Amino acid sequence: MGGTLQGDPAAQVSGVAPLDRADATHLTFLANAKYAPLLAERSIGVLLVTAELADLGNPRARIVVKNPHEAMLPLLPLLYPPPPRVPGIHPSVILGRGVALGDEVSLGPGVVLADGVRVGARTRLEAHVVLGAGVEVGDDCHVYPGATLYAGTRVRDRVRIHAGARLGSDGFGYVFREGEHAKIPHVGRCIVESDVEIGANTTIDRGSIDDTVIGAGTKIDNLVHVAHNVRVGRLCLLMAQVGIAGSVRIEDGCILAGQVGVSGHVTIGKGARLAAQAGVFGSIPAGETWSGYPARPHKEALRAQAAMFKLPSLIRALERLVERRRDDER
Amino acid sequence: MGGTLQGDPAAQVSGVAPLDRADATHLTFLANAKYAPLLAERSIGVLLVTAELADLGNPRARIVVKNPHEAMLPLLPLLYPPPPRVPGIHPSVILGRGVALGDEVSLGPGVVLADGVRVGARTRLEAHVVLGAGVEVGDDCHVYPGATLYAGTRVRDRVRIHAGARLGSDGFGYVFREGEHAKIPHVGRCIVESDVEIGANTTIDRGSIDDTVIGAGTKIDNLVHVAHNVRVGRLCLLMAQVGIAGSVRIEDGCILAGQVGVSGHVTIGKGARLAAQAGVFGSIPAGETWSGYPARPHKEALRAQAAMFKLPSLIRALERLVERRRDDER
Amino acid sequence: MGGTLQGDPAAQVSGVAPLDRADATHLTFLANAKYAPLLAERSIGVLLVTAELADLGNPRARIVVKNPHEAMLPLLPLLYPPPPRVPGIHPSVILGRGVALGDEVSLGPGVVLADGVRVGARTRLEAHVVLGAGVEVGDDCHVYPGATLYAGTRVRDRVRIHAGARLGSDGFGYVFREGEHAKIPHVGRCIVESDVEIGANTTIDRGSIDDTVIGAGTKIDNLVHVAHNVRVGRLCLLMAQVGIAGSVRIEDGCILAGQVGVSGHVTIGKGARLAAQAGVFGSIPAGETWSGYPARPHKEALRAQAAMFKLPSLIRALERLVERRRDDER
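Residue numbers (numbering that gives the first Met the number 0), protein chains in the order written: chain A, 0 to 329; chain B, 0 to 329; chain C, 0 to 329.
Bound conformation, chain A alone (with noise of 0.2 Å):
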């Protein structure tokens, strides 16, 4: 960890805690003098402790280390390995015709795997997620329970798919005629590439005729939505609730924070940045931070979000002005 021990060395602790409920079986941390007042209450394992603040509280053990928020990082595995896989098929599993399962795979309670399945080595479905036919899931992935992976889609290797979860669903579209809107067959796949995770009850339709890329590396929040056609590429954050109309382009290590919305056909630029809640409707470059209702750039409009505020009294300024200038011309 690259810190100073201070206290005893054989001190052990078996979890990490915040403050507040640690005890000496804890390792948990302090960095803000305001949490102080907690340490004193408490008798507890290890503290992990920015230099200032070393000589607060009565821990076994004290690390004094620079960042202890971020010290505690790595150490989380190590207390927290991973539940030991259980490879093995619950009995009640539902396997169609010509299902290829990898080595190792866990399937559990109520998964249904449809016709031409394949399941890649090590892989985990939880309970009731099922697979349409033909889907192809690849190597260590891991599917949260009740997710739904429609026919035909694809994910490659070590993809986290959170519960209730939907991939390749039909996509929004309707041609008018004849007094109703005729449904759009909907013929291109949902391809989820590896190292994504996408979050719980998080929705991507399938392509019309092309597909629906989700790139490497990408990572996708909560109740998210993906239109058919879209294209996310690598290492992107797509924060809760956002929303991508059909056809989008979002180009590699974007990032759209919440409840972000990006209407049809447009590109988001390689790197782009867009605040919460932005309203997007046009094409955003490379490397640049928009924001707002419709979007603009960022310090554009936190400028006009600025005058926005002061206009009441612009107003009745301008007001005055006029006002004066009749009586002078009067």
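No lab work stands behind these hints: they were computed from the structure.
Listed below are the simulated EDC-like cross-link pairs for lysine to aspartate or glutamate, each with C-alpha atoms no more than 20 Å apart in a straight line:
1) C:Lys-182 / B:Asp-156
2) C:Lys-309 / A:Glu-299
3) B:Lys-182 / A:Glu-192
4) A:Lys-182 / C:Glu-192
5) C:Lys-269 / A:Glu-179
6) A:Lys-309 / C:Glu-318
7) B:Lys-309 / A:Glu-322
8) B:Lys-182 / A:Asp-138
9) C:Lys-182 / B:Glu-192
10) B:Lys-309 / C:Glu-299
11) A:Lys-182 / C:Asp-251
These numbers come from a predicted model, not from an experiment.
Got chain A sorted already, so can you dock chains B and C onto it with the hints?
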């Protein structure tokens, strides 16, 4: 009901219906003269009505009250008693090791309880509910079909969790290093106190190290997102599609209207109200009502919006002034 | 197709693909010169193309049409016939008392039908669909995996309900009394008329006393929220993440773009259109297009937004004027 009966005191009804489909077996209500024509066409069992409209129609019985809609609410549980609880464990239920079940629990088809789950007395888990390892659900709870509680989630008593809600999923936390978004392990819990109701397809993430907590008596609507480490106080109302980013504190008695977004690490003071679609980027003082994007005190936001729509004419007026000024100076 | 054939009239294809992955077994299309380079690299089966671009590439056959994309739509059902219906009741299906099943229904693994459910002819319920007591689903419907219809919900004919949709959940209605938010029992129904499509993870609450109704031929995208007592007319389009608060009336033929929010008790007039992210706080006249927050007629909103971004320079101009005026008066 504190009302006055007119007509047949022996009139009987078996249900409540809106005026446009009520018949002689129904109790219905009329509070607004514009709906009176519907009454003429119908043979009604019992009509709740205001004094002003009490001479209309020909129901078998009429009860004159101050507020017909409010008067009806206490009648609903009498006319629609909740379906009788049928305790029992469906033969398809999957029980892990060390599961503890309270008296008279009801476990529907396909319910999965992982190792170490505890379910309190009289709690009902409907079809396909999945509780991860070590989940604790208290007494008299009702979890609707297909909801998922990830490992370690704790739910107190009399909590309702609607279909498809996901509690305790991993928060959206990554550190960018060595060319990838490395996942921060989430070892905090999701804790739901007593008398909470959680809407359909809502997602509440577990904490990273700290916990995510929903306070007693708080009600959460459908499709809401609550991120890691959020603390929601007691008796709050979070309406549909609200999104709360990480580590936000929402104090007791706050009301967040539909589609509100709150960015990370801010505090919403006790009893504050946020209007629909508000975008909150800083802390909100207790008791205040804020609205708009970026959110401002509601009156200030209204003034700024009103001014904004006057702007085009203001700009023209100003241009005329500048023009004249230039003329003057020639 | 009303086009002109060039090349080999015996050319055969077995599928449709976008230009960047089409080969000799595919039909594809070219409508924009910027994609022409993709054509050079490929051996294509059949190319739909406009007259202007008809000399490009070397497909086995070429069909010259006015609009290649539209021309392809009627071909899709020919090349991708829907998978044959396989009627049957999976042995894991749970049937309550008094369930009535139409001819040739298809009930997938883990489907649960509570007491008194009626399912029409040729309707398909996929894995883990749960229908509560007394639910009625009409003929030729398709309900995708994991959807839930709460007790009493009624769905007419030819309705598609995508994975994870929740219909008939309790509305968000409470009365604050004696220090708690007391739940208002919800005894209205959720009624979905014929030819409706409902997206993945969308939620539609039941009515409180009145019903929630979705009119015939209306299409609803993913992650939409429709609250209690809402009436949506016929042939509307509600795009992803739209939120409709309680007791709203949406008349026939309205289009609500993504992330629109409509507050309670207002009416959206026949054929009105709401632009993406619009925040609607009052009724909208028939046939109009509104946008922005708070929503205003679209042209007015555009003018105000344009003015807002001129504001900072306007304020500087005004300050100069006031300054000079002050100088004049010295």
